[in-house]
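With these hints in hand, go ahead and build the complete structure from the sequences.
Residue strings, one per chain:
There are 6 protein chains.
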Amino acid sequence: MGSINYSGFSLFNIQFPTKLVAHVEINRLQKLNAFNRDTWTQLRDIFNLISIDPNVRVVILSGAGERAFTSGLEISPQLMALLNGGDYEEERARFITRRAIRDFQDSISAIENCSKPVIGLVHGIAFGLAIDILSATDIRMCTSDVQFSVKEVDIGLAADIGTLQRLPKVVKSLSWCKDVVYTARVFGAQEALVHGFVSKVAENKQKGFEDALELANVIAAKSPIAVQGSKHLINYSKDRTVQEGLEYTATWNAFAIGRDMKDAIAAALSKAKPRYGKL
Amino acid sequence: MGSINYSGFSLFNIQFPTKLVAHVEINRLQKLNAFNRDTWTQLRDIFNLISIDPNVRVVILSGAGERAFTSGLEISPQLMALLNGGDYEEERARFITRRAIRDFQDSISAIENCSKPVIGLVHGIAFGLAIDILSATDIRMCTSDVQFSVKEVDIGLAADIGTLQRLPKVVKSLSWCKDVVYTARVFGAQEALVHGFVSKVAENKQKGFEDALELANVIAAKSPIAVQGSKHLINYSKDRTVQEGLEYTATWNAFAIGRDMKDAIAAALSKAKPRYGKL
Amino acid sequence: MGSINYSGFSLFNIQFPTKLVAHVEINRLQKLNAFNRDTWTQLRDIFNLISIDPNVRVVILSGAGERAFTSGLEISPQLMALLNGGDYEEERARFITRRAIRDFQDSISAIENCSKPVIGLVHGIAFGLAIDILSATDIRMCTSDVQFSVKEVDIGLAADIGTLQRLPKVVKSLSWCKDVVYTARVFGAQEALVHGFVSKVAENKQKGFEDALELANVIAAKSPIAVQGSKHLINYSKDRTVQEGLEYTATWNAFAIGRDMKDAIAAALSKAKPRYGKL
Amino acid sequence: MGSINYSGFSLFNIQFPTKLVAHVEINRLQKLNAFNRDTWTQLRDIFNLISIDPNVRVVILSGAGERAFTSGLEISPQLMALLNGGDYEEERARFITRRAIRDFQDSISAIENCSKPVIGLVHGIAFGLAIDILSATDIRMCTSDVQFSVKEVDIGLAADIGTLQRLPKVVKSLSWCKDVVYTARVFGAQEALVHGFVSKVAENKQKGFEDALELANVIAAKSPIAVQGSKHLINYSKDRTVQEGLEYTATWNAFAIGRDMKDAIAAALSKAKPRYGKL
Amino acid sequence: MGSINYSGFSLFNIQFPTKLVAHVEINRLQKLNAFNRDTWTQLRDIFNLISIDPNVRVVILSGAGERAFTSGLEISPQLMALLNGGDYEEERARFITRRAIRDFQDSISAIENCSKPVIGLVHGIAFGLAIDILSATDIRMCTSDVQFSVKEVDIGLAADIGTLQRLPKVVKSLSWCKDVVYTARVFGAQEALVHGFVSKVAENKQKGFEDALELANVIAAKSPIAVQGSKHLINYSKDRTVQEGLEYTATWNAFAIGRDMKDAIAAALSKAKPRYGKL
Amino acid sequence: MGSINYSGFSLFNIQFPTKLVAHVEINRLQKLNAFNRDTWTQLRDIFNLISIDPNVRVVILSGAGERAFTSGLEISPQLMALLNGGDYEEERARFITRRAIRDFQDSISAIENCSKPVIGLVHGIAFGLAIDILSATDIRMCTSDVQFSVKEVDIGLAADIGTLQRLPKVVKSLSWCKDVVYTARVFGAQEALVHGFVSKVAENKQKGFEDALELANVIAAKSPIAVQGSKHLINYSKDRTVQEGLEYTATWNAFAIGRDMKDAIAAALSKAKPRYGKL
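Chains as they are written, first to last, in UniProt numbering: chain A, 1 to 279; chain B, 1 to 279; chain C, 1 to 279; chain D, 1 to 279; chain E, 1 to 279; chain F, 1 to 279.
Just so you know, these hints were derived from the structure itself, not from any lab. Hints may contain errors.
Unchecked claim - Below, simulated EDC-like cross-link-like pairs (lysine to aspartate or glutamate); rule was C-alpha separation at most 20 Å, straight line:
1. K238/D with E89/F
2. K262/B with E74/C
3. K278/A with E89/F
4. K238/B with E74/E
5. K169/A with E244/A
6. K238/F with E244/B
7. K238/E with D87/F
8. K238/D with E247/E
9. K238/D with E247/A
10. K238/E with E247/F
11. K169/C with D239/B
12. K200/B with E214/B
13. K238/E with E74/D
14. K169/D with D239/F
15. K278/C with E89/E
16. K238/F with D239/E
17. K169/D with E112/E
18. K200/C with E191/A
19. K262/A with E74/B
20. K262/C with E90/E
21. K238/D with D239/E
22. K169/C with E244/B
23. K200/A with E214/A
24. K169/A with E112/C
25. K200/D with E191/F
26. K238/B with E244/A
27. K262/F with E90/E
28. K169/D with E247/E
29. K262/E with E112/D
30. K238/C with E244/F
31. K262/D with E247/F
32. K278/B with E89/D
33. K169/C with D239/A
34. K238/D with E244/E
35. K262/D with E89/F
36. K19/E with E214/E
37. K238/B with E74/C
38. K271/C with E74/A
Here it is as structure tokens:
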């Protein structure tokens, strides 16, 4: 249970604004926080570390600077070569492309698979990959100036890193979802709120961070066994039949119920604030 | 097809406000309608009976008294012993805990598996188990004073009786859903309406009952073959691919189509109100 | 890649209001656009043709005349005979009924399976089969005078052509969905908008068509590889786990990524409007 | 953990030939052990009791007398009335038939769902329902005189209590499986052995029981946590993807690993025979 | 229920060796019964017709001539053009290839989807497509001279018309299955029998046909409701969980149980041979 | 496409007996090739490297020395600490245990996920983890002296690294499979052959290697696109419905068909041996 070392992530700022809350900030200002390969690899490694870090209970994910959460994937020659299968030719190149997509998907899935809840705080430009990333977070908030766009069709491809899988399960209307996917049009905070993509809109980035941190602190005070179990079980169950979700949940709670329940009840009886062990 | 006997359920009031409509009321006033083991066993038995009672076509489920639909699970020493595996030790106790959870889940699933539509009418306190129960009903209505809370994380566990399985399929903003699950915060009628958890808000309990009964009467006048088939097929299909739902539905209607369709069409042609046999 | 012949569909008008956009209009005016067997067979054949027609990128589906999108299935003696199993008796007749339902389902699924996005534009009466059809379109718009109704329970059967499978996945609230299914009540444009069934409401049919065409033109200007892939992948993924959707998507894009991405990026760099090959 | 009372099952003999092994014998000699409704209800109740009886670790299921394991379902007027929907007419009767089949299925599934392994020992006539029952056991043995038949097509129906679901997953060749299902022909011990339906053939019933008891004793000496977990996890996993099975298994063993592993290792180190607590 | 016209299938012989049994023979002798596009289209159309032909209860599928069941897919310039996407270029050509494969798959699936049992009788060369076709039949028999080969890897592709989906579910050993798939080696009758791919080996083609016809006649004498239901339910259930198979089966038998059961029981009581209506 | 460096794996020998064939040998002789944590981590890394190594087309996996393939998991204090949750207490320790199992599972799954076929060659002792590993290989061979045992119940736990998921899908008699799982008894080469767990038995280890290498060379001469596609598609399809497998396969071959098919056909026409590019 030694403390985990988060240095060495050049493209992110990682801070701990309050005890048990990590703030992960995409930090590639000069590129509007666009993602190159290192960015997505670092993103995966950071969330894998946080997932097993007993000193973190909640994560806030945002973008540095005033202009963008992230402008999406940086279309560099290196990326194009990778997506085009490197040195291989024809069908073999397509095998390599498939492998690269799978690898990229796994990086983004690290957010969903992170055992701790992740709050996405979005401002400014949030294009393409931004939606893939945000759809993998648990709770989304934004500022009133945000500009969302499922940008992929505008660069000639169907989104393949998670938006098409997660967005329809996250928002309220499939009709609206297909509208924004097929047109790649920009939509703002209010539209995102109405359709349930975000839960809250703040007037600016600082207020947004205050809101996110307040929410994070509330969650961080709860039993981590209860919160981490809830995240895992909601994600597991939403894709399966109710019966399968119930059976898995009973098996899960067979090992997870115990100490925290006793602590919570004891605290309630003594009108004290419960304190929970690290996880 | 003899009439079914609903006496012997000490913790519920069961009445028939109109022909073909049953009103099931949780009645443990001195405990804010909290559930002990008998309550959940009786709940299961009542809904299993209604499911096969040809004299009932629709059910309204509500809580007695002014203060609460239900305050949730009563944390009694007996319950704690059961959840802690009784006389067994360590891993064996956890086997027993798992079995107890499965049994409790089956009781709540009796609402979903009941062949007749169930309208949940909620007022006052609706905490913890209240959400598990309501998520298993078909249509939800509430009064303006309602206080909903997915309370489980506050007692140190991930909800395991159905909320985490059903709530995300019942409302569509996963961001909002995770917000209320992770924080256990109280939310009110308006928020429940906006997110689709309830379909209607009444100003008080009596008005709410009038609304629920009016809706129940409308449904009770319809073909029970059509309504019960619709409930079963929606529940079956929402968890599966469209193709699987379609194939199952064709197989279902191969036995269910017939008399009621003829009766309905004959009634329509003669401008009469259709009358349907019991089921 | 010769041009496809759309003559011979007596019950539909098929036009091309702009390049790459097809307008399919149900045209059985004297029957309020009700469907008989020929109508559903023609619907299937038209959408199967469009699906492989490289000259079409988007479809608008609407109803002719002022009064109705469609009043639903026409209850004719022929239909009743078909649904009742034709010359067969008892259980054998039910085998035949099942086969007829499967065949009818396949016709409606042709809209969902059509490789091109379909915009449903609805006005006036939209009863029963109208909802089955619309739930299978991608994006729905309506006029302010629309009257929707999931009418099936009023003719004594559970809807079996797609509404019970698709509607709960298309709108935001299962409580609302079951309300309109069990009661067969009429609901209007505003309610449909709030619950996410439609994305936009126009004041009249002409305005509605202008909106639909504007949207269609936007989509038609995009890469057809990107748009068709997005439709296929959203439909595939919404019914499956996120992981299954991701793996399938990587395999899909292994063949679909290439030329259009290069064209799109080249156009972006040169500030030109991208032009894409037919598909 | 008091001892469970198995009296009151008039149609079965229940004995305990060795400590921790239960022998359940179908005992309706004058009817060749045919099943009426009471038989299947008692079967369900017995296996539900054994499932939670800490004094039983393995079950042997066989038929009393020399002539038959069971000749299958007894076609009585009461059964026919039940299957024909009782007092209801037409489609309503079919609802009731469906309900009766579901209830009957649950009775047979009690064998599969029993937490303890069940060894089926078969002799003589084993027709129809016999195969449904045996397919739900864990390990099958037979005598050389056995006569198996999937008899259902000979009474004009597709088997609906489990054979069509379980048999293809239990034996080696789907071609052979369909052969015996479509023809209802009788097959013997050797054919059952070659195709993996049984694991062992004994020359007569007594030898068969000795074999079954020997196997039962071996299993009964093992850790019940290990054995019951293995049964549950094999049954869970065989119907799902490898990945789903693995994830569920990790969650299961998170609560199940512990004491028995320590006891087993300690016993191995000290060359002693391990002794495990009841479950 | 008029009689169905099977003329017009130039590449197949269709005969009725006994009442209710159809014999479909691949008849393209000069090409070792290799398949071109017309062959697979005709195969689909024939099995779709048989599926709804009340005068057929069982089908035997074999190859004409002495040398081959079928040597597989004929690699013609037309086929290559089709598989290579016709006139389209690059990714667009791959869309077309995918569509062609899907279409070809559907043709072979017509055997599996045919409501009547299909007995595959194989002799001589049975390469590539032969295995795809045979895996889709219900029961397989062969002659002692048969030469099977999963030939696809030898022409540089993974089999995509059904072998990789169906063969592993049809035979007993995945190790053996992968051996014959990865090596494309020829294997004979005895090996096919041991691994459960065929149920019976005859010494020559005529004997094989006698065996197949004898089996077909046995099945044809059974209730078609029972046999067709069994085929559908086995195929449905083998790919799903036991619980899903059971629920679907109960729904199926709710419409399928009736007359044939009564007829079968009445015949049994009167020691008469039952006679069943057409289906 | 530079050559991959396999040095640094202290617990394995890695050799290339023929071009394109890798031989991976578990090499921890003094411990009967038992696995400690380093062993499973190295196993994962080796197979992940081979998976993307264009110079390898087939893998043979065996154990060094005369006595054992592997005696299974080494029960060391470190392992016990890991499985017991390290420094954490109670439920938290169980979270950690679950994580360790998941990690261990992923290591073994690296064999199944390796894009190249893996031939398992087994001799001597093959206990516990040996079966988990072998079930994840594609083709299994053994020597006549082999001693297999699903050993886990003898150490007080249900196997959790893959045996319970994969073994029942690899052999087809579930009765036999449960027999060897519940009893942990040793079984030999002949029994493994009869039940399809191995495809071939050699008289000694050297002969076994010759057999394995001969098979590996045959497979290595085939199109790697065809072979790797076949492995992936069989593994994908065996866990899913036929229809899902078919759709995925069509999408796969849309990118995988091409060059190798042309090369294979050209070689066949010119009677030459085809040569395929690396992958």
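Holds or violated: K262/D and E247/F, Cα atoms, limit 20 Å. violated (48 Å)
Is the hinted pair K262/A and E74/B satisfied, with a Cα-Cα distance of at most 20 Å? holds (14 Å)
Quick one, are K238/C and E244/F close enough, alpha carbons at most 20 Å? holds (15 Å)
Given the hint that K238/D pairs with E247/A, test it: the Cα-Cα distance must not exceed 20 Å. Holds, because 16 Å separates the two Cα atoms, which is no more than 20 Å.
K262/C paired with E90/E [C-alpha distance capped at 20 Å]: holds (13 Å)
Take the C-alpha atoms of K262/B and E74/C, compute the straight-line distance between them, and say whether it is at most 20 Å. Within the cut-off at roughly 14 Å; holds.
Do the alpha carbons of K238/F and D239/E lie within 20 Å of each other, as the hint requires? Holds, because 9 Å separates the two Cα atoms, which is no more than 20 Å.
Compare the distance between the alpha carbons of K169/C and E244/B with 20 Å, and conclude whether the hinted pair is satisfied. Holds - the C-alpha atoms of E244/B and K169/C are around 14 Å apart, at most 20 Å.
Check whether the Cα positions of K238/D and E247/E lie no farther apart than 20 Å. The given pair, whose Cα atoms are some 18 Å apart, holds under the 20 Å limit.
Sort out whether E244/A lies within 20 Å of K238/B, counting only the CA atoms. holds (13 Å)
Is the Cα-Cα distance between K238/F and E244/B 20 Å or less? holds (19 Å)
For K200/C and E191/A, compute the direct alpha-carbon distance and say whether it is at most 20 Å. Roughly 13 Å separates the two Cα atoms, so the pair holds.
The structure fails to meet hints 1, 4, 7, 13, 29, 31, 37 from the earlier list, while all remaining hints are met.
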